[in-house]
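S.K.: Taking the hints into account, I'd like the entire structure generated from these sequences.
Chains as they are written, first to last, in our numbering: chain A, 287 to 441; chain B, 31 to 178.
Each statement offered as a hint is correct.
In silico SDA-like cross-links for lysine to any residue, where the CA-CA straight-line distance does not exceed 25 angstroms: (1) Lys385/A with Ala124/B; (2) Lys80/B with Arg302/A; (3) Lys96/B with Val394/A; (4) Lys96/B with Gly387/A; (5) Lys80/B with Arg362/A; (6) Lys77/B with Ala389/A; (7) Lys47/B with Gly299/A; (8) Lys80/B with Tyr305/A; (9) Lys80/B with Pro438/A; (10) Lys80/B with Ala288/A; (11) Lys80/B with His137/B; (12) Lys77/B with Gln386/A; (13) Lys77/B with Trp441/A; (14) Lys385/A with Val99/B; (15) Lys77/B with Arg366/A; (16) Lys96/B with Glu289/A; (17) Lys77/B with Gly387/A; (18) Lys80/B with Arg296/A; (19) Lys80/B with Arg348/A; (20) Lys77/B with Arg388/A; (21) Lys385/A with Arg73/B; (22) Lys77/B with Glu303/A; (23) Lys80/B with Arg358/A; (24) Lys96/B with Pro438/A; (25) Lys77/B with Val384/A; (26) Lys80/B with Gly299/A.
Calculated from the structure, these hints are not laboratory results.
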Amino acid sequence: MAERQAFIDRVKGAERESYVVAAAVAHYRPFALVGDAQLPTRTSPRDLVAAADQVESTYLIRMWAEFETALRSYRRHITRDPDDRISTRNLIDWTAGVKQGRAISADVRDDVHEVREYRNFLVHERDDQAPPAAVAIEVARTRLNTLLHCLPIQW
Amino acid sequence: MATGEARSGIDDPEAVKAEWLGRLGSLVDEVEGWARASGWRTRQIAKTVKERRLGTYRVPVLLMEKDTVEVVLNPVARFVPGADGAVDLYVAPAYDDIASLYFEGDHWVVHYGERPDPLATQSVVEITPHPYGEHTIRAILDGMAVNG
Chain A
287 MAERQAFIDR
297 VKGAERESYV
307 VAAAVAHYRP
317 FALVGDAQLP
327 TRTSPRDLVA
337 AADQVESTYL
347 IRMWAEFETA
357 LRSYRRHITR
367 DPDDRISTRN
377 LIDWTAGVKQ
387 GRAISADVRD
397 DVHEVREYRN
407 FLVHERDDQA
417 PPAAVAIEVA
427 RTRLNTLLHC
437 LPIQW
Chain B
31 MATGEARSGI
41 DDPEAVKAEW
51 LGRLGSLVDE
61 VEGWARASGW
71 RTRQIAKTVK
81 ERRLGTYRVP
91 VLLMEKDTVE
101 VVLNPVARFV
111 PGADGAVDLY
121 VAPAYDDIAS
131 LYFEGDHWVV
141 HYGERPDPLA
151 TQSVVEITPH
161 PYGEHTIRAI
171 LDGMAVNG
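M.R.: See below:
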């Protein structure tokens, strides 16, 4: 049986862990860049700089994965179809339309779509369209957990 | 008592788990009583926790609601660095942090205050700890009810 709270915890955990990792990298960076701390074998300062720049986006991608796992679990429970291949966009709209648990407003749904678009941009960065508005990880957590909190306590 | 920092196995996981669940049950029941006395509607649900040293087990989660404000008392784990158990207090539905309760020594301590810069290297244990008790919990809840 799946539990709403466990999924919410994972989304929240991704945010909190991102802060810890960002702080750790920021602390380590000046020492490593001047040679006072050793970088791992087969890495260079450019990897450290890149890592520091991408902590938040990396954890936002993981946060989205936790969220999407929750929605797909919920849909499998409702549809009883383990081979379901619904797109993520439609999955969000479908979830918002299921009349179980609490009602999900159009605003909550649209906020989640903005996170989805930003996550897709991070993963599939394309130069043939304007980038979507950036979503800070704290904002993403707020939006994703607000929708998850509307799902039944367990399914 | 097993310590939160211990990396090795524990002699009697079932005993540690039973003690932890008893501790959690008392905490949740107590906070629920104080919340109700302050006019909050409450509900206990259960969630599954997995810890390497204790396996998979179920813990109580306390949902509290007053007017349009919802607060969740959410157990984290028995084994955490520097304490023998941790429970978080969040505002729902977004799950913004309010406070964390740690079992330190032989009693609960409440860590809360102004949220630090997430990227600062200040750890939560450096936030001023408050004694756990009815006064502290009701003050936090009343503050949430007023300020959201």
